[in-house]
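I would like the entire structure built from these sequences, with the hints used as guidance.
Chains A and R, in that order, give the protein sequences.
Counting from -4, one number per residue, gives the positions in the first sequence under the numbering used here.
Counting from 2, one number per residue, gives the positions in the second sequence under the numbering used here.
Just to be clear, a hint being listed does not mean it is correct.
From the derived model, a few chain A residues whose C-beta atoms are all more than 10 angstroms from chain R [unchecked claim]:
{"#": "1", "residue": "Pro23"}
{"#": "2", "residue": "Phe27"}
{"#": "3", "residue": "Phe112"}
{"#": "4", "residue": "Pro126"}
{"#": "5", "residue": "Gln134"}
{"#": "6", "residue": "Gln551"}
{"#": "7", "residue": "Asp859"}
{"#": "8", "residue": "Glu863"}
{"#": "9", "residue": "Ala878"}
{"#": "10", "residue": "Gly1003"}
Pair ranges (Cβ atoms, derived) [stated by the list, open to error]:
{"#": "11", "chain 1": "A", "residue 1": "Leu1018", "chain 2": "R", "residue 2": "Ser370", "range": "36 to 44 angstroms"}
{"#": "12", "chain 1": "A", "residue 1": "Leu1018", "chain 2": "R", "residue 2": "Asp434", "range": "22 to 30 angstroms"}
{"#": "13", "chain 1": "R", "residue 1": "Leu346", "chain 2": "A", "residue 2": "Leu1018", "range": "26 to 34 angstroms"}
{"#": "14", "chain 1": "R", "residue 1": "Ala56", "chain 2": "A", "residue 2": "Cys929", "range": "20 to 28 angstroms"}
{"#": "15", "chain 1": "A", "residue 1": "Leu922", "chain 2": "R", "residue 2": "Gly129", "range": "38 to 46 angstroms"}
Derived by calculation from the structure, the hints in this document are not laboratory data.
Virtual Cβ for every residue (Gly too), placed ideally from N, Cα, C.
Read off the chains here:
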Amino acid sequence: MLHEVLLALSGYPGNIFVEKDGSLEVVPDLPFIHPSEQEILSSLCKLGTFYMKFKAFTTKYGGAPIHPGTEEAHTSDLHGLYLIAFCSGVERVLEPYRQALLTLEREILEDPQLTVFHVQTELMQYKLLFPAIASVIRQVESQQAHGCYILEILHKNSFCGMPEVRSAMEIILYYCHGVLYKQLSAWLLHGLLLDRYSEFFIHQGKVLADAARAGSQGDDDDLGIGGLSGKQLRELMFKMASNQLGKDQRTTRTSVFLPTVDFRFSSGPPSDDRCDKGDVQVSGASSVDTPSSETCVAKEPCLESVPEQSTGEMDQETCVSSSTPLPSSEVNSEFTNDDTHDTKTVSPASSFSTAQIAARPLPPSSGSPEFGNAESDTVPSADVAFSEDRTSIGVSSRQSTCSLDNQSSMYFSGSVSGTSSVEPELINLHLQSEDDQPTPTPTRTFYTEEISTNSSLSRSESFPSSFDDKASTEKDPSLLSSSADHGSSKTLSDSRITEQQSKPTKHDDESSDEEETASIPDVPSYEEIEQRDRLHTEFLQLALKLIQEQHQKRKQFRKALLARMIEMRTCLQRKISSQHMLATVPSTVDVVWQMSSEKLQVPISQSTTVEEIITFMASYFAIPVEEHIFLMDNDRAYLNPLLTMAALYNPSNSNKESALYSTQFTLVAPHMQMLMTQKSKEKLLEIERTARVKLEKWLKFINYHRDTSTVSFHDIPWPSWLEEDFITDNGADVADNISSRILGVRKMDTLKEKQAKYKELQTQWDPTNFMTRFGEKIVAEDKKHVEARLHKIKSDLEIQIAGEEEERKTYVQFALRPEMLPSYIPVRLAEKILFVGESIQMFEHDKDRPAMKRTGSILKNSEDQFAEELHQLSKAPLFNLAAFESVIDRIRKSVAEHLWKLVVEEADLIGHLKLMKDFYLLGRGELYLAFIDCAQSILRGPPTNVTEHEPSGPIPSGESGWGVLGLSYSVQWPLHILFTEAVLDKFLLSVKRVQLELQHCWALQMEGKHLASEQSDVAKWQLRTHMAFLLDNLQYYLQVVTAAGTPGRLSVRVEVGLHLSDDASSAAPSRSPRPPTLARRLPLAGLAGQPRGLGTPDRHSLLRL
Amino acid sequence: MPREIITLQLGQCGNQIGMEFWKQLCMEHGISPEGILEDYATEGTDRKDVFFYQADDEHYIPRSVLLDLEPRVINTILNSPYANLYNPENIYMSTHGGGAGNNWASGYAQGEKVQEEVFDIIDREADGSDSLEGFVVCHSIAGGTGSGMGSYMIEKLNDRFPKKLIQTYSVFPNQDEISDVVVQPYNSLLTLKRLTQNADCVVVLDNTALNRIAVDRLHIQNPSFSQINSLVSTIMSTSTTTLRYPGYMNNDLIGLIASLIPTPRLHFLMTGYTPLTTDQKAASVRKTTVLDVMRRLLQPKNMMVSTDRIRHINHCFISILNIIQGEVDPTQVHKSLQRIRERKLAQFIPWGPASIQVALSRKSPYVQSAHRVSGLMLANHTSISSLFERCLKQYDKLRKREAFLEQFRKENVFKDNLDELDNSREVVQKLVDEYHAATRPDYISWGAQEAAEGRS
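So, in structure tokens, the structure goes:
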């Protein structure tokens, strides 16, 4: 009973405490519970409910961050590092609670006479705390708090009369500040904007539009280019660094994964709509007593191994997920997390089991070591098999939970549709313990085993292992079931493997199957049972043994399956090949077998027929389509086959060609958005269904044409609904989009990365490579075509990259993001931060410039010092604004000094200002005088093609050549930070021109000075005088007061900075910069309407005279 | 493509002030007396080519034509360190060397005789410039060569280069002392007619005022010609400073003078300059602000034209252009202008828009000045008519007695009659009338009335 209470308090419903509407409640009217007890219990239940919600929240959001690709698409969703930090903060706050539960448990074990009142008194304080936390979480959820806004919420809530709540908030805030400090120090010291989730209060202003555009395609960094982009790598490194830094406090967060064995084997037709989920999570953590030591031990390998592994993993996943020659780059092992997320939501349709990870709120999860497990057999042509075996080992070292989570939940729902000939079978591995309570469908078993917490294990081990097998073969319903009994002193794992087979007789049927999946009841696929226990090593061994057994069996099974597949294919080939030459399709599905550590990529078939592809796609993608989007976080796995085919089917249409390239960005975006916005399962199901319907359509379409036409597939007319799919929604020309998109995305990366990417891309798209993948059946013309296309893409890219090199000059501008700025950080401070980062970035960016003979850091090698200071700050439990600002100020001062030197001394700011003045503000009056003289005849009329010798574009239609005249000034590094792009102010010029005209009139009139003046002459004189007076004064005002005046003031300020810099307080100059443009605008702003109207009429009336 | 200006130096006075002018320009541009650019001046952004051009050997040659009917002054120049500055071909000295004998008619007649040779020089200079803007004539109106030949040259220039501007720096004789030239009133009047009808802009340099200024302001008891000439050269160089140091505005001669001259005949400008220093007196350095400078420029005592206060005529400024040199904050200028307007320090014509215009200009970096700011005022003021009135008065006195007309009658112009004199008087009288009219609001209708009278 008390165990039940404890369990309930840990957020797990049981028989007495049941979950109802998301909250735990005591089952009413139990005979052995006194009404008064009932009351206490229900009040305890509230705590349990809260705890459960917290757990749910932290597991949901606390995992590794979602890939930015999805993030872009689902901007409305909660995600991001701050959220993760928030979760870990919450976890940390919950720590004492767990501790208290542990203590209680021990007490209960020691003293069976303890009453429930004791429990209540012990947990009294949390009754205040939990609602407060819950309200914060609610706020975060309801306001869709993102990034720094979370800080704001926390900060607001930390003003609270209750000390517990306050301290709890401060702890959480502290965690979140960890992220902030990381971003800050990266920004302040290195000028890096580590802000993948756009959480920081500084963002890239200029390329934002581009980024958003590119981002909407779900591609930020992995632009169809395999490889860990530098940005992501940076992110990773940053995360690691943050871990290291936050060592002391963050041990809770620093969870290093215990070996997780995660077998995934999914194959079979889509009709296999069973959601099979066997999650076994065995996680053991060591005792409370030695948390620090173990974390240290555990942490280091993890951190070290991150980069390679993440890369490796990425590659692996790339291969797994994308079968086209254009592998997606799913970079970090968020994959795992995504799995869990997805299966949680998409469960009914998921043919994947989720790896039950030890859900840590933690970045390191991205670096969780994964060892490819022995999957020795390399079956070269496995049509349908998609397997991923992964053993991820992690050591989860939660300080507090020296508890073993043994969680096994099995969900098995099998609905066999009678009409369809599909009999899905699942292999179900189920680990159960002794007191297994088998329940019928849906089975939910949880078993709790408690063992005293004194850990005999010096090293914590937890094996969250999830087995998920799903296999289906076409024929021969071989049932592979194995059950293993794990007898140990206290635990018994019962694993049951059920294998269900599906035998699709016709591939076309699959669609119907798919329909059924929708009808499958929605069952919670993810359950977590936390068990406070100690893990028995025997159990582990047994579990491993079992796993290996399973593995063996599966191997056999797979062999059989593959054989079957091959047979089927040959059969198909026989059937098809006689009819016509099929359009070649790249071997869309590659299977990656992981053999211990090395991976081997095997294309399923070198030459697959279209039908096979379709078959495969139908079988493989139909069901997990949505899931793939979710899981892979990119669409390529799903799309590339389709797209490749799409391109192949219609090679004659050049637009479609490029569609190959572009649609992969565009197609899924709406899906993604939908997915994120309507995350509910029903919606997902619906989407899924539509996807299936579409696929079915596809299938029919292709089949139809296969049957009816003897011509090749090229000639198949392109149906409009397909076009809808493959062309972007807005109907924008895809071909055009590609370049801009790529360009837009790439702007954000440094050039090096771009080049690296490009190289990668080149290799990826190496035509020969590509061709071999296409197989032998490629028709000659196809080949040519593809080659041409590739060439085009390649050259396009080359041009773009060449262009980018020039484009470097247009630097990225950053801006504050006011909505992200926490209120307790004043704007001026944020601006300082922005300034520092911007300048540093500028320096870093161009350090390698040969012209600049600067070596060493900008911060005059005081980087370490500043880093240390920041670190110290981040260690402080409370945010100290004054200290924070003083550090920022110091950094800023140092940077500003440097910048000033660079800008004013090296780059000759004053000289440039003078140039600007001379040319833009017509400071060189005589030059313009001569120019007007010479150009008058040319520019009088409307512009023609010869006006500009190399017309770079359509000539704008102006009434005269003067209207389109422009002067551009290429601002050189590093002055780009001060000058924005400007064009010659035509207004000034036209004033000048009118003035000249008037003077010309004067000269004409002067000729008649010796003649007696006529009445009309006098009038003319008068008119001229008036106009000239007006213009002279206007010009005087424009030039002297405004144009000369404002820059004059600017120069003065710069000069002042010169003097200030002597006493090392050169903050002033750096703040002054922006006025030149202002100065330029000022005359216009003030006088725009009046003089413009006057200028031209004057001239006309004069000429009339 | 600069707007070149050709300078004509005529007669003794013209050549003297011309020489000072070129000296000053050479100093400001860092050009040595030999015409070689000094080492320190190679980086300048100034426009030397308005007044100079470069010979084959890179040395700078003034666009200057030196004309005199007697060799004395030019020989002085040729014996000075600046001898090699000028293009020897541009120097014209009358062969007989007799000079004009302070006789306008003689100078005019000789001008007619030598015009072909002179215009050979001028044409060559004009052809050598890309976009000739105009001519600057330096002369005095009292002597023989400057006034007589000057008048002829001005007429001829106006004929041959109708599109080019003619600006003159005309030195008016000192009224306070008895001139050794008795026919000075005749000369002046006859020259004034040409200046009125053929020049576009006449910068009046009144020896009377210059002397007064030298005595009063510079505390020189007996100012020498060279001292006076240095004042003149300062004015001349400063008035061209916006042409030579390009800025936002007034980068050509026409821009400079067009704003000053609203009606064709009222083109006689008076000047003022402050702060004035001479070589001897560099002592008194005061704080100079823009307001100080502008205020001082408006004071009549700084005006380089001696005008009489005539009570019944309310003289006023037709236009003012202040050329301010030095480190000037434009906002200061603006404030000063406002102050002047508030205090009503300058009274302007009632019949049209007018205000003080300011042209900011750079200072030559090679000429050290004790003053931060210096200013030149070019003003078109109606009171300049008093100068002409004085001329007329003196002429009338002389004419009444028919004195000293024998010399004039010898020349072609006056062989038959003295109509030219009468005609000149009429022109000058009209000019005076127009200046007087310009002080009244009905000036516009005055022009019409006059025209109507002319017709009737």
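Hint by hint, here is what the structure shows:
1. Pro23: 85 angstroms, holds
2. Phe27: Holds, since 92 angstroms exceeds 10 angstroms.
3. Phe112: 82 angstroms, holds
4. Pro126: 63 angstroms, holds
5. Gln134: For Gln134 of chain A, whose nearest Cβ neighbour in chain R is about 53 angstroms away, the distance exceeds 10 angstroms, so it holds.
6. Gln551: 89 angstroms, holds
7. Asp859: 45 angstroms, holds
8. Glu863: Since the minimum Cβ distance to chain R is about 46 angstroms, Glu863 of chain A lies beyond 10 angstroms and the statement holds.
9. Ala878: Non-interface label on Ala878 of chain A holds, nearest chain R Cβ at 42 angstroms vs cutoff 10 angstroms.
10. Gly1003: Non-interface label on Gly1003 of chain A violated, nearest chain R Cβ at 7 angstroms vs cutoff 10 angstroms.
11. A:Leu1018 / R:Ser370: 36 to 44 angstroms: 41 angstroms, holds
12. A:Leu1018 / R:Asp434: 22 to 30 angstroms: For Leu1018 of chain A and Asp434 of chain R the Cβ distance comes to about 23 angstroms; the hint holds.
13. R:Leu346 / A:Leu1018: 26 to 34 angstroms: 29 angstroms, holds
14. R:Ala56 / A:Cys929: 20 to 28 angstroms: Holds: the Cβ-Cβ distance is about 26 angstroms, inside 20 to 28 angstroms.
15. A:Leu922 / R:Gly129: 38 to 46 angstroms: Violated: the Cβ-Cβ distance is about 21 angstroms, outside 38 to 46 angstroms.
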